[in-house]
Amino acid sequence: MEVREFDEFVKRQHGGAVAAAQYDWERERDEWLAYLKFLYQTIETLLSKYTSAGQIQISYKSVELNEEDIGVYVAERMILRIGRQEVDLVPAGTRFIGFKGIVDVIGSAGKSSLVLANKDRTSAVPRMTVRILTGGIPPAEPVEPEVKIEWVWRILARPPERQLVELTHESFYQLIMEVTNG
Amino acid sequence: MGETPDNSPLFTSLAGAAQYHYDVVDSLARYLGTESRGLVSRFGAFPERRVVARPSDYLKETDRRSSLAILTSIEAAFLRDYRHRSHRHGPKDDLSKAFRAIRKSGKAGARPDLDPDLLDAWAEHASGARSLIGDLRSAFKYRHWLAHGRHWTPNLRHDYDFEKLYRLADAVFNALPLFGLDGI
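Chains F and B, in that order, give the protein sequences.
For the first sequence, our numbering begins at 86 and goes up steadily by one.
For the second sequence, our numbering begins at 55 and goes up steadily by one.
Only chain B is shown next, with the shape it has when bound in the complex (with noise of 0.2 angstroms):
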């Protein structure tokens, strides 16, 4: 069976997506924690299972998986608002109008990529969200970086983490009118 649209409250609510991670995270610094025997001595009697990790490792790795969930939802949420904007009834701005020349171009295919299609067309057409935008290319290039091997340096604004990349995305939630936030 495949999978069926997900409406888990942990992928498209922001807040459920922070507790998720913060119980995770108090989850595994309780796990690795000074009062535990430690991860080697813990793996000790499995070699096979044994890992050349520091607590800390783990702890950033968790952070990264859980970065990389939070800008899924941000481009999660650019979509489902290209969706509604570029349908053929869709409102009258010109954001719309770009998303529909988009979608009637065919060059974006079925799903226009977040950057550049979409982001070019919130810069250009939307007052005040200069400064998002930009940090929202950085991101998503932080993203790419996590994504796809994570074996070059990416070139970005500053560095991210969950916490940071939340930040953002309660920024973008809350400043852009993006059509379909409820809930989030």
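So that you can see chain F by itself, here it is in the shape it has in the complex (with noise of 0.2 angstroms):
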């Protein structure tokens, strides 16, 4: 290996940890647990019907998260019990491409997720240009303006599907049914 090559691999690396470090990791930790609570609240008030009847309970348990650059730290996973089913709702992480937070929904029979998307994408697919430079340069491409994304819960199509599923009564019930087998 030559001693160039060293010095460029140095220099990529050390490059992409002060760019991480200069990140605030803390503030988007705190906003995607924000989010998260705010979910459940959500969850809590389609099912009223349910747990004021006593068909529902809800209970809440720690759960620990590591994501990179982020570190170890305790969020809630939701429990759902129905019964003799159980639902649980596990919350992912942040650090996901093209969604702000994830959080897994398994049952008996299976898993789903919920995401925390822009309110302005209908596909899970990202929307994400990359160009082959060349000499150097990349390709000239338009520059967005920077817009404040507002950020929503919704449904993940179950794969190979790529809908964004508005989170409502109707189709939270047929999550958790299919993720029961219901």
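Since the hints were made in silico from the structure, they are not lab data.
All values reported here derive from a predicted model rather than from experimental measurement.
Keep in mind that a hint or two might mislead.
[As the list claims (entries may be wrong)] Under the rule of at most 20 angstroms between Cα atoms (straight-line distance), these lysine to aspartate or glutamate pairs were calculated in the DMTMM-like manner:
| hint | chain 1 | residue 1 | chain 2 | residue 2 |
| --- | --- | --- | --- | --- |
| 1 | B | 195 | F | 129 |
| 2 | F | 196 | B | 174 |
| 3 | F | 233 | F | 263 |
| 4 | B | 158 | B | 174 |
| 5 | B | 195 | F | 251 |
| 6 | F | 196 | B | 80 |
| 7 | F | 196 | B | 213 |
With the hints as a guide, bring both chains together as one complex.
Below you can see the structure in the form of structure tokens.
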């Protein structure tokens, strides 16, 4: 190996580490946890008819997450008990491409996901443009104005589908039925 | 007779892999479902076949095996692209030139490693790919863990499962100009 190659390797790694260190990951984590709390409140509202009748019980337990650049932190998972069935809503984290957070919905018959997505998005595939450089110069691309993103919770359709489904009474009940084979 | 190139849509197509995975999950869930007599009683008459595992363990193991298949498909896509770009009459862009240099140097042998050989080149010669490349590096640490014994705790960006890897593959195949992706 040439010294130049090692120099470049160190430069690349150092540059990436500096950029990551400058980002406010603590704030990112706190925002994600606030959105998670909001999701649980929304679900409590969606199920209130059943919880007040004693047909569904909701409880919470702590879960430890460990994400790159953020480190170890504690979040809450939500447990829905419906008769003999149990559905766990387990936070997966915030460091995902295209989503500000993902919560796994796990039942006896399978898994699904709730995602924190840009309100304007309709597809699970993020809009990304990757260009190959020529002579060290990337092809010109239009500069898009920075827009404040409004984050909303959506149900992620099962692959290979790509839809992001609005979280409503109906869609959430359907989700519970799917993961429990109801 | 040896194996031949696998052109099955269950391997070469992301949608095919997803359909196969969820068909297996649904079948397994039905087989192990609460309406059946359950796993232990099902195997009760055959003690030698008794498995100390819960239905959720079966679903988790199925998820991991499908995850490995998706990661293998991603690796195959990058290697196909490498073969095309590194050909001496291949494209003239910086990435293709870097691939030809890898091939010429012979340091990576006939088949370079996805990480670091190919992903380093993508990170250096493609703009807008940084986050995808970072997630791919982490996902392939998970692949290493899956394929090589699972006896340590991998240091990952976050936890992975079939669906998260499927979404990563879908994003990669949509965003990166990989040669030979027809049908994926």
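Now for the hints, and whether the structure bears them out:
no., hint, result
1, B/195 - F/129, "37 angstroms, violated"
2, F/196 - B/174, "34 angstroms, violated"
3, F/233 - F/263, "34 angstroms, violated"
4, B/158 - B/174, "17 angstroms, holds"
5, B/195 - F/251, "34 angstroms, violated"
6, F/196 - B/80, "11 angstroms, holds"
7, F/196 - B/213, "14 angstroms, holds"
When the structure is compared with the earlier hints, violations turn up for hints 1, 2, 3, 5 and for no others.
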